[in-house]
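A.B. asks: Sequence:
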Amino acid sequence: MITKTQIINSLDQLPEHLTIDQVVDHLIFLENVQKGLDDSVNGRINTKEEAREKLNKWLK
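If you read the sequence shown in the numbering used here, its first letter stands for residue 1, the second for the next number, and so on.
If you're looking for bench data, these hints aren't it; they were derived computationally from the structure. Computed from a predicted structure; not experimentally measured. Please note: incorrect hints may appear among the correct ones.
Said to hold, decoys possible - Computed list of lysine-lysine pairs in DSSO-like fashion (alpha-carbon distance at most 27 Å, straight line):
1) 35 to 48
2) 54 to 35
3) 4 to 54
4) 48 to 60
5) 57 to 35
Work out the full structure: start from the sequences and follow the hints.
C.D. replies: What follows is the structure in structure tokens.
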């Protein structure tokens with residue numbers, strides 16, 4: 001889960017003028033990065049081979 005402090009710090013790095021859509025896109029991006037980091041820390045990852053197999057199944 002992303003914290004309010006992380007959101008505020010991240011928003012401070014954005015340009016002064018931007019649209020609400022850009023803010024929402026940025027927040028979604030931050031959430032997805034945090035989920036990926038959490039998955040990695042908790043061992044919920046795939047090897048390259050596992051990823052290839054899943055991708056091949058999905059493409060069929």
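A.B. asks: Taking the hints in turn, state whether each one holds.
C.D. replies: Hints, one by one, checked against the model:
A C-alpha spacing of about 19 Å is found between residue 35 and residue 48, which places the hinted pair at or below 27 Å, so the restraint holds. Our distance criterion of 27 Å between C-alpha atoms is met by residue 54 and residue 35, whose separation comes to about 20 Å. A hinted pair counts as satisfied when its Cα atoms are at most 27 Å apart, and residue 4 with residue 54 does not qualify at roughly 35 Å. Proximity of residue 48 to residue 60 is assessed by CA-CA distance (about 18 Å); at most 27 Å being required, the pair is judged to hold.
Restraint check for residue 57 and residue 35: satisfied, since their Cα atoms lie roughly 24 Å apart, inside the 27 Å limit.
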